[in-house]
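Number of protein chains: 2
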Amino acid sequence: MAIAQLGLEGVFEEQAIPLPMRRAGMAEWHGDHVRILDRRVLPLTERYVDCYAAADVAVAIKDMVIQGAYSISIAAGYGLALSAPDNSDAGSLSSLQADAEHLIATRPTGLALKRMMLACLNTASEAIDLGKNIREELVALVNQGASALARQGYETGKYACDQIADGASILTHCFPDRSFVYLLLETARRKKSLSVICSETRPYLQGARLSALCSHFIGFPTRVITDGMGGFLMRDGQIDVFITAADRVCMDGTVCNKIGTYQYALAAHANNVPYYTLRQSGPDRESKSEADIKVEYRDGEEIVQFSGVRTAPLGVEGLYPAFDIVPPDLVSRIVTDRGVYSPSRIREYVHTPPSVRDTVV
Amino acid sequence: MAIAQLGLEGVFEEQAIPLPMRRAGMAEWHGDHVRILDRRVLPLTERYVDCYAAADVAVAIKDMVIQGAYSISIAAGYGLALSAPDNSDAGSLSSLQADAEHLIATRPTGLALKRMMLACLNTASEAIDLGKNIREELVALVNQGASALARQGYETGKYACDQIADGASILTHCFPDRSFVYLLLETARRKKSLSVICSETRPYLQGARLSALCSHFIGFPTRVITDGMGGFLMRDGQIDVFITAADRVCMDGTVCNKIGTYQYALAAHANNVPYYTLRQSGPDRESKSEADIKVEYRDGEEIVQFSGVRTAPLGVEGLYPAFDIVPPDLVSRIVTDRGVYSPSRIREYVHTPPSVRDTVV
Chain A
1 MAIAQLGLEG VFEEQAIPLP MRRAGMAEWH GDHVRILDRR VLPLTERYVD CYAAADVAVA
61 IKDMVIQGAY SISIAAGYGL ALSAPDNSDA GSLSSLQADA EHLIATRPTG LALKRMMLAC
121 LNTASEAIDL GKNIREELVA LVNQGASALA RQGYETGKYA CDQIADGASI LTHCFPDRSF
181 VYLLLETARR KKSLSVICSE TRPYLQGARL SALCSHFIGF PTRVITDGMG GFLMRDGQID
241 VFITAADRVC MDGTVCNKIG TYQYALAAHA NNVPYYTLRQ SGPDRESKSE ADIKVEYRDG
301 EEIVQFSGVR TAPLGVEGLY PAFDIVPPDL VSRIVTDRGV YSPSRIREYV HTPPSVRDTV
361 V
Chain B
1 MAIAQLGLEG VFEEQAIPLP MRRAGMAEWH GDHVRILDRR VLPLTERYVD CYAAADVAVA
61 IKDMVIQGAY SISIAAGYGL ALSAPDNSDA GSLSSLQADA EHLIATRPTG LALKRMMLAC
121 LNTASEAIDL GKNIREELVA LVNQGASALA RQGYETGKYA CDQIADGASI LTHCFPDRSF
181 VYLLLETARR KKSLSVICSE TRPYLQGARL SALCSHFIGF PTRVITDGMG GFLMRDGQID
241 VFITAADRVC MDGTVCNKIG TYQYALAAHA NNVPYYTLRQ SGPDRESKSE ADIKVEYRDG
301 EEIVQFSGVR TAPLGVEGLY PAFDIVPPDL VSRIVTDRGV YSPSRIREYV HTPPSVRDTV
361 V
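Line by line, the protein sequences give chains A and B. Position 52 of the first sequence, counted from 1, bears residue number 52 in my numbering, the numbering being contiguous throughout. Position 226 of the second sequence, counted from 1, bears residue number 226 in my numbering, the numbering being contiguous throughout.
In isolation and in its complexed conformation, chain A is listed as follows:
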């Protein structure tokens, strides 16, 4: 079941994939609960959070037990299935709608979560019309979505691999999710070498904890820097490519990604280091430009502490914009499941045949 859900059967063994990209590393349906790997305590601890209601999943997403736009969408989809009746009761639709809105509100910047919720509500309506079991239909939909995401991510990873020279030194920021992991897996499969520098990405350290874990697991030499160091390394000629994921790409090529990405994109541009954005599902048709993006601010308390230890004096507040906007002129290429685009041509993505036909988000 796990391999089939993963959708990469025949390419990689489940055990060859780093934990955060296994199905158990995202979110798994367990009949009466959703089991989510707690990414906050990786890499040193492997702990799972069991959620028995959609509200629990909402808390887990809000508290960063799981992160990454696509992984969140899978967890949220199973979360909504927890609210669905184990029958075709039409009366459940309004409460499902309320739970979906609650889940969407946890992380408003990315769009995969919203798309998953809308797809789930459509599926629930259809199940009711056809007298099918709503919960089973939702679980099947999320399984299908997760599988499609894996295959779409792998297509993206292969295109990215084509772009990167053997022996390149790459800088990443935050955790660029499955396209990045599949890029690394594919690079290893093709017996090319890489050295990987992960920017730690305060306050949650996704770079130090997740990217470094995946790169080291796959076997590449992996080093961690703080979020202020990438510019120096680029200026010093130590970086060949800067790579991130994107939480959203606009139709004009604007990239929205983890806070810190803009500074690195500026430094890459100033030092002729190409910046590749991995965005497996292409641009968001509803986002024409950055005017359509509302950057979420998170709780400033998360900034003035580290591992539960307060860092700043009492009375001093933290300020926490969670995402950066990178204008298109700072982006070299946007790598998708349908090919590699310059930012000014990313709108051509929507007219290119899909790589995977059964996507959900």
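Calculated from the structure, these hints are not laboratory results. Watch out, some of these pointers could steer you wrong.
[What the hints assert, rightly or not] A partial selection of chain A residues facing chain B, derived with a Cβ cut-off under 10 Å:
no.: 1; residue: L205
no.: 2; residue: F232
no.: 3; residue: Q238
no.: 4; residue: P313
no.: 5; residue: P321
[To be verified] Derived pair list, reagent style DMTMM-like, types lysine to aspartate or glutamate, alpha-carbon separation capped at 25 Å:
no.: 6; chain 1: B; residue 1: K192; chain 2: A; residue 2: E317
no.: 7; chain 1: A; residue 1: K288; chain 2: B; residue 2: D236
no.: 8; chain 1: A; residue 1: K192; chain 2: B; residue 2: E317
no.: 9; chain 1: A; residue 1: K294; chain 2: A; residue 2: D63
Keep in mind the model is a prediction, meaning the values are calculated, not measured. From the three backbone atoms N, C-alpha and C, an ideal C-beta is built for every residue, glycine too.
Assemble chain B onto chain A, guided by the hints.
Just chain B now, with coordinates in the frame of chain A:
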């Protein structure tokens, strides 16, 4: 004694000055030992490290008990005095020289430390020639140097204050030392307002711990961000001025400062935010350009942990370049004790009359 040493008598009461800028907050001579405030555990703990030998002071500097080029030079000067005999014994000179070299090697990038050591060795030679007590002469020299640094820093702070509009929002990185603190004190004295955003500055968090402490103590609204956030805030129009200190300024206007400064200077330049460098003692005459700067790398283990908690997987290394080089075209103004210079004219500093006549470093 403390007030007289401080050198700002009549301007600010000792108690009105934030702890890290009091004499007790740098290094104090206690007859048979040097007492150094442990900046690593600020702001929540006030702890002092007593050093009874030059080698102890060297360890304290290397381990970041004290930081900041000027403060380090004071601690090192007293440290060398610990090695000096309480008489005029000429035989002590060679071991003083060895201890001075050992102290210089602790932090090779800044120059104040080296200058203080050379001044101390000169003073020791003179004391021997004149039959004076070497230790007393060294302590007197360091006291004089500390007092001169305070007055020179205050002149710089006043020039900086002239540049900054009432109500401005300023971004700082690392702890810009006494010129910055005196800028804040002078701004408050002139009854102008400021809001201060401190970039936390991993891995040692000097911004969250020291800059925020000083700004909050003086009474300005103070917020902390991570090192990846300043670019977003500048692009979003939330920053009016970016201010740092400099560990070194070259004669061509190149600035060397804490890692992370370059990325912020790039972002400031891209968003028309002025970047002011505070450098109370002006450019280094021996450094023509960045070719004369050797950036030190510190132990990568400091990157992959926080408060003793490991952040990255075992097997992954940290990479820790400690300083950034900022080319002159990214610097708006260099503020010194002798006035405010554009980077292209900073060499004029050396032909301008000194603000303080008895400087040591």
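Hint check:
no.	hint	result
1	L205	holds (5 Å)
2	F232	holds (5 Å)
3	Q238	holds (9 Å)
4	P313	holds (4 Å)
5	P321	holds (5 Å)
6	B:K192 - A:E317	holds (21 Å)
7	A:K288 - B:D236	holds (19 Å)
8	A:K192 - B:E317	holds (21 Å)
9	A:K294 - A:D63	holds (20 Å)
Of the numbered hints given earlier, the model fails none.
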